[in-house]
Structure formats: structure tokens, C-alpha cells
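A.B. asks: Residues per chain are reported as follows:
Number of protein chains: 2
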Amino acid sequence: MERAKLDSSSETVEVEWSAGGVDRFPYIWLRDNCQCSECFQADLNKRLVLTSELDLDVAPAHAAARDRGNSLHVTWPDGHQSRYDWQWLRDRCFSTQARADRERRWRRKKQLWGAELFTNLPTADFPALLTDDRALYDFLFLLDTIGLVLVQNVPRQVGQFQELANRVAFPKMTFLGAEQMLKVKPIHGNFLLSTAPLGLHTDLAYYNYLPGVQMMHCIKQTESDGGASELVDAFNAAYQLKEENPDAFKLLTTVKVNFHRIGKAEPKHHMRERHHIISVSDQGEVQKVVCGKHSRDSVLDVPVDQVKPFYRAMRAFDTILSNPRNCIRYKMKEGDMLAFDNLRILHDRTAFSMSGGERHLQVGYVDWDETYSRMRVLQAELGIQE
Amino acid sequence: MERAKLDSSSETVEVEWSAGGVDRFPYIWLRDNCQCSECFQADLNKRLVLTSELDLDVAPAHAAARDRGNSLHVTWPDGHQSRYDWQWLRDRCFSTQARADRERRWRRKKQLWGAELFTNLPTADFPALLTDDRALYDFLFLLDTIGLVLVQNVPRQVGQFQELANRVAFPKMTFLGAEQMLKVKPIHGNFLLSTAPLGLHTDLAYYNYLPGVQMMHCIKQTESDGGASELVDAFNAAYQLKEENPDAFKLLTTVKVNFHRIGKAEPKHHMRERHHIISVSDQGEVQKVVCGKHSRDSVLDVPVDQVKPFYRAMRAFDTILSNPRNCIRYKMKEGDMLAFDNLRILHDRTAFSMSGGERHLQVGYVDWDETYSRMRVLQAELGIQE
Chain A
1 MERAKLDSSS
11 ETVEVEWSAG
21 GVDRFPYIWL
31 RDNCQCSECF
41 QADLNKRLVL
51 TSELDLDVAP
61 AHAAARDRGN
71 SLHVTWPDGH
81 QSRYDWQWLR
91 DRCFSTQARA
101 DRERRWRRKK
111 QLWGAELFTN
121 LPTADFPALL
131 TDDRALYDFL
141 FLLDTIGLVL
151 VQNVPRQVGQ
161 FQELANRVAF
171 PKMTFLGAEQ
181 MLKVKPIHGN
191 FLLSTAPLGL
201 HTDLAYYNYL
211 PGVQMMHCIK
221 QTESDGGASE
231 LVDAFNAAYQ
241 LKEENPDAFK
251 LLTTVKVNFH
261 RIGKAEPKHH
271 MRERHHIISV
281 SDQGEVQKVV
291 CGKHSRDSVL
301 DVPVDQVKPF
311 YRAMRAFDTI
321 LSNPRNCIRY
331 KMKEGDMLAF
341 DNLRILHDRT
351 AFSMSGGERH
361 LQVGYVDWDE
371 TYSRMRVLQA
381 ELGIQE
Chain B
1 MERAKLDSSS
11 ETVEVEWSAG
21 GVDRFPYIWL
31 RDNCQCSECF
41 QADLNKRLVL
51 TSELDLDVAP
61 AHAAARDRGN
71 SLHVTWPDGH
81 QSRYDWQWLR
91 DRCFSTQARA
101 DRERRWRRKK
111 QLWGAELFTN
121 LPTADFPALL
131 TDDRALYDFL
141 FLLDTIGLVL
151 VQNVPRQVGQ
161 FQELANRVAF
171 PKMTFLGAEQ
181 MLKVKPIHGN
191 FLLSTAPLGL
201 HTDLAYYNYL
211 PGVQMMHCIK
221 QTESDGGASE
231 LVDAFNAAYQ
241 LKEENPDAFK
251 LLTTVKVNFH
261 RIGKAEPKHH
271 MRERHHIISV
281 SDQGEVQKVV
291 CGKHSRDSVL
301 DVPVDQVKPF
311 YRAMRAFDTI
321 LSNPRNCIRY
331 KMKEGDMLAF
341 DNLRILHDRT
351 AFSMSGGERH
361 LQVGYVDWDE
371 TYSRMRVLQA
381 ELGIQE
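Protein chains in written order, with the UniProt record's numbering: chain A, 1 to 386; chain B, 1 to 386.
Among the hints, a few may not be true.
Because identical chains cannot be distinguished in the list, a pair is counted as satisfied if it fits within a single copy or across any two copies.
[Stated by the list, open to error] No more than 30 Å apart at the CA atoms, straight line, and that leaves these computed lysine-lysine pairs for DSS-like:
(1) 109 x 308
(2) 46 x 268
(3) 256 x 109
(4) 220 x 46
(5) 308 x 5
(6) 46 x 183
(7) 256 x 288
(8) 250 x 46
(9) 331 x 288
(10) 109 x 264
(11) 331 x 109
(12) 110 x 268
(13) 242 x 264
(14) 256 x 242
(15) 333 x 46
Note that these hints are calculated values from the structure, not bench results.
For reference, chain A alone in the conformation it holds in the complex (with noise of 0.2 Å):
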């Protein structure tokens, strides 16, 4: 930086960037983030002062650019020092520019797709994701960004979901347990599990965090037609609909839908919730996409002349979501591993026949609050700038 100085009318130091530009750094902000290891435990980035014993009003005595522009130094009228790393400070600029900046990196842009995106499937190799941390994060990265991967080569046995968990972080627990068996014999049925078409649906619908990330690994597949997965980008289907649409999709984003799961069999649960069928934020960007015939409650909270209108714009998005151009259909071999993002890819499963033997997946879900702390480190150890 150029030059600091006090500006007591608006309460900040201005800052002269060597670059050129000024930004304005308000005093009590800076009392709060003063960065010396009375105020701040920088191992864990903790901040230290307590909130109740600011001085709202508090001025500095003094700040100046210090070490040839490299830090800001403000000395506080009790004597009190703090400096401040210019790079740092750069972070934090409070303009408008900067904010938006923030707001633009703080979730990365989804890519979006359609059908068009079988014929370039991003995969990944699984002993490499294990062994392999660039590989890990290449894997994450497309998981955020395109929100579904095709792993390869993983053993056909039971366990490889954790494995790859554990190198992501862990296991979201649910009351099904850390993972799902999901096996169809052909003899002795299992009654939980259908062989008809499921549908597209998010899972685990009825929870309030939902899992954010799925991963279904294939161990024995089905010889007969059919058991085909299908995959679709609903978030890339929600913006068809607001474009085509926009009833529909005003509907689908201001009704609340209920979602539960009542199973009287150990282990007995009865779980419950509300959400938006589409999701968006104060941005108008879409955020979350939840739906699923086998969880949607048959409460319906609209008045009653409100619910025709409902169900055109559920099938109207229905149609969108099944349409070719959005859906791709693949069926897994053993030894595959499809992980996507549960929060917008919607899953399917098509009708197949009990007489092509045994089906047997294995399925479990890592958090995104925890995959997105493992992208953050590993950025950091690999030093990738994105």
C-alpha cells in the first residue's frame, strides 16, 4: 500500500493501494480483527476479544503504511498495536467489487448439462483417488462443478463406499447406517425393494440436512434388460422450466412439499420434513432440487384449489427432467461407482427382471459441509489457484 490516514468523518482508515485505488477499513471493524496473538490465536483462526468489551466508538491514535507498503499499523489510544498484512487487508475490502468477487468464488459455478454429457462422462480411477490427493481433488472438483462422476475400477467386494469416504472424510450416518445394502435376489425377494422403475428422485428426502453426496457402487449387476441408471442435471431441467414455464416454476419454488419416511422394522423411524420442490436463492439461482414419488407425503399444505395447478407443474417439470436431451441412461457395470451430488442430480433406476440374477449395490453419502473442508485443505496443500 501507498498510504493509510484516518478519516474520522466516515470513522475508517483509508487505505491508498500501490496499484492504485483506495479502500476504507472501518476502526471498530479493525479493533475487532487486530490480529496479534492477544486478540487472535492464528493456529486455529480464532478470534479472542470478546464482542461485549468493544468500544463501538473506538478511534485510532495513529495508522500509517509500514514496511515499505507491506502492512498497515494503527496504533490505538490506549497504547494498544495492531498491524495488519496488506494482502490481507486486499481480502477483506468492503466495496462493492470486492463483495461480489467474494460472493462469486464463495460457491463455485455448476456446469450444466444434458444428455450430451454421456459421450464425455467425467470419470475418475478408484485406487488412484485412494492413494492419490490431486486425483482427489480433480474428483471433488467435478463432483461441485459437474455433480456427477463415473469412478472405475473398484473391487467387487463390500466396503469400497467407505474407503472412499474416509479419503473424502467420513460416512454420513443415517438411521440405514453408514451404508445401504441394496440387493435383489431372485428368489427370496426382498420385499423392501421393487424391480419397478423408481422414478427420479433425490434421496433421503425427508431429512432436513440432506445427504450431499451419493455414491452407489456396483458389486453385481443384473444379466436380464433393464436396471439401467438414469441420471439428470435438475438444476439445468429448473432453469428449462422458469424459461418455458415460469407458473410452474414460481409453483415449485414457493410451495412447501412434505417428505417423510415411516418404517414400523428396525430400525423404526419416522422421519419427516418440508421443502421446496426447487430451490432458489435470494439470487434467483437454483440451489437445491428435492423430489421422489416414494417420499412425497400425502399431506399436501396448498388450498384446495391449488393443488391441479401443483400437480401440472410437478408434471410439467417431470416432463422436462425425462425429457432425451436431459437424461442420461447408463447402466453400471460391476466394478463402477456413480457419485453425484444428491442435492441436484435425480436419480432413477428402470424396470428390470428378476430372472437376470442377483442385483447387488452398496450405497452411502458424504456431507458437503465436511467434502467441501477436504476441497479447501487440499487446495491449500496443492497450492491450486483456481
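Position chain B relative to chain A; hints supplied.
C.D. replies: Chain B in isolation, oriented as in the chain A frame:
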């Protein structure tokens, strides 16, 4: 029910109840929610009808009250028959009153409290919680409505949190593990733990999905002065802020604050999330309070001239939170466990001196998703009416 008839103009079946009054059920909703075994899997409460297969314009050929008014029978044009139990229908009425009643029951009303709760602190007996389902339900009910329960007679050994967590559901796993040991030893000071006051805070504020229920088990308490727990019903404080200082309330419900935690020691982590300090529902009800000096980031995404008003608002809230009329101070005894709603109750620990010997707490979390599920199951099993 007394009578049922088709009303083709509104596309509803009009049901006249035996107790008086009329409700209307849309054709399309009735078809979607046929309860026969072909359309609905009763054991898991799962719909089997695909949304894409529904005829949006379907109209029954016939509808009538049957079984001496105990059920509605509908015959569809393709010959499919549906039967709906009268109570099932009644529970799903679309009337304004019925929807308002369901809304009210959806989340239990919180009983707000101040310092006066101290003389009447909700308690539970640990051994009873492990063996008696009714005691467990009552404990969870208090956690949901009051937000704070003192569990007594807990063995003074590690592992008791997990015993109780497993009775509720299972521990919420975080990057800190299934539970945290908070131990301050007088000689080998753990540098992660300070004896300075912590300030009122929410645990794990940098999670998108914060842990819902916190349990804090005291195995060893410091014999020196200090080390007391302070607990505040932040919902109560938030409503006071709304009353006393609506501008401050508005700022805290609209400015998104960054929370983060970066740890370079194992387990390495870089968690971050944005929350309003006070989150309100569409109906203006306070739903969540998130704060804490430790985890609040130095990045503050507001225009520069809103910085001081934001600090003023935080201070105004802080002043109410720490007002003695709102705040309970309780020094945990060895064998106590404090269980509280981490999204509502802020907690603090007063300063203490190393001279008082070791202080050892075990802390863990359980998600509300799982806790509510457990409550619903217990409620049904125990036949509890509310």
C-alpha cells in the same frame, strides 16, 4: 362421513362429514394417493404411482361413502377402485383451518425462558433415560420445547455421551470425531483450550447444518472459582431485541455473517458457512440463532457504511443476551450432563484458574433430524397424545 359426491366444476369429491361440515378432495390428488397395494406400499408408507403416469384430467366414474360412513370409495374410469379411510381423509383436509392446525403442529411451540428457569431447571435421571422409554420421551420433549435439560447421576467416566446418544439415535460425526474431549490440565496446558471466558456461542457455527442437540458431560470440574456454564435462551433474547430495537433485529436477520474454522493440525479442516445471526421463518418466528466470537470470520460482506451499524446491532443483542434476567449461571457438578438445543441456547464458560486442578468435559452432538424421528416413534409406541 355422511355423503360424498362428485363436483365436476371444481374437479373435487365433496365429502359431508357426519359431525357436520364439508370438505373437498381434488380428483388428481385422490388418484395420486390411492392406498391400494398396487398404488401404495403400506409397510414403508411409499407411493408407487409414477407422477409421469398420472392423468392430470382424471375424473372418477363414481364416488360414495361406504362402510357406514367409515370410508370413501372411488371408482375410476379404467375400473380401478380406491378406498380411503375417513380419518385418513380428515387428517389431510385442504381447508384453511386444517392447514393452519397442521402448521401449528408441525413444530412444537418453544417455551421461552429467562433466568427464572434456574429455580425450576428441567432435569432427567441418566439411568432412567437408558432404560425407560417414557423418561426418554419426556427428556426429548423438554429438549424440544424448553431447549435445556440437566441430566443427573451420570457415571463419571468417558463414554456416557455415546450411551445416551445411542438411545436417542447416534452421535453426529464431525471432523472432531464422534465426541470431543475438553480437558484442561494444570501443568500440560492444552493450547487449544483457554481458561479465559469463551463468550456466548453456538457450537460448530461454520457448518451448513449445525449440530442440533449438544450434550456436555462433566467428568471433572475445576475446584477454583469460575468455570461456570452460562446459558441463555437466544430465541427469547431475539424477541426482546425485536421489541426494543427493531432496526438491530432487522440487520441481524438480513446480514449474512461468515463463520469459519481452519485447523492445520490433524484432523486438518477448513470449514466455512454463512448464516444470519438470527434466522426467522416466513411467519417471522425465530428459528435459529448462530453466534460466537471464535468462529465469526474477519471477512464481513456488507457495504463499508453498514459495518458500524452491524457492530451496534451485535452489541445490542449481546447486551440483551448477557442481561442477568436472561442468563442462567450454573457450575456443572461432576456427574452432570447438560443437554441443550444448539440452534437456540447459547452457552458460555466463565474464566477459571489453572490452580483448581484438571477440568474435563466430554461433548458430543445428535442431529434434530434423528431426534425428531425418535420422538415420533416413541410417541406412537407409548400412545402419547399432545
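A.B. asks: Taking each numbered hint in turn, which are not upheld by the structure, reported in ascending numerical order?
C.D. replies: 1 and 13
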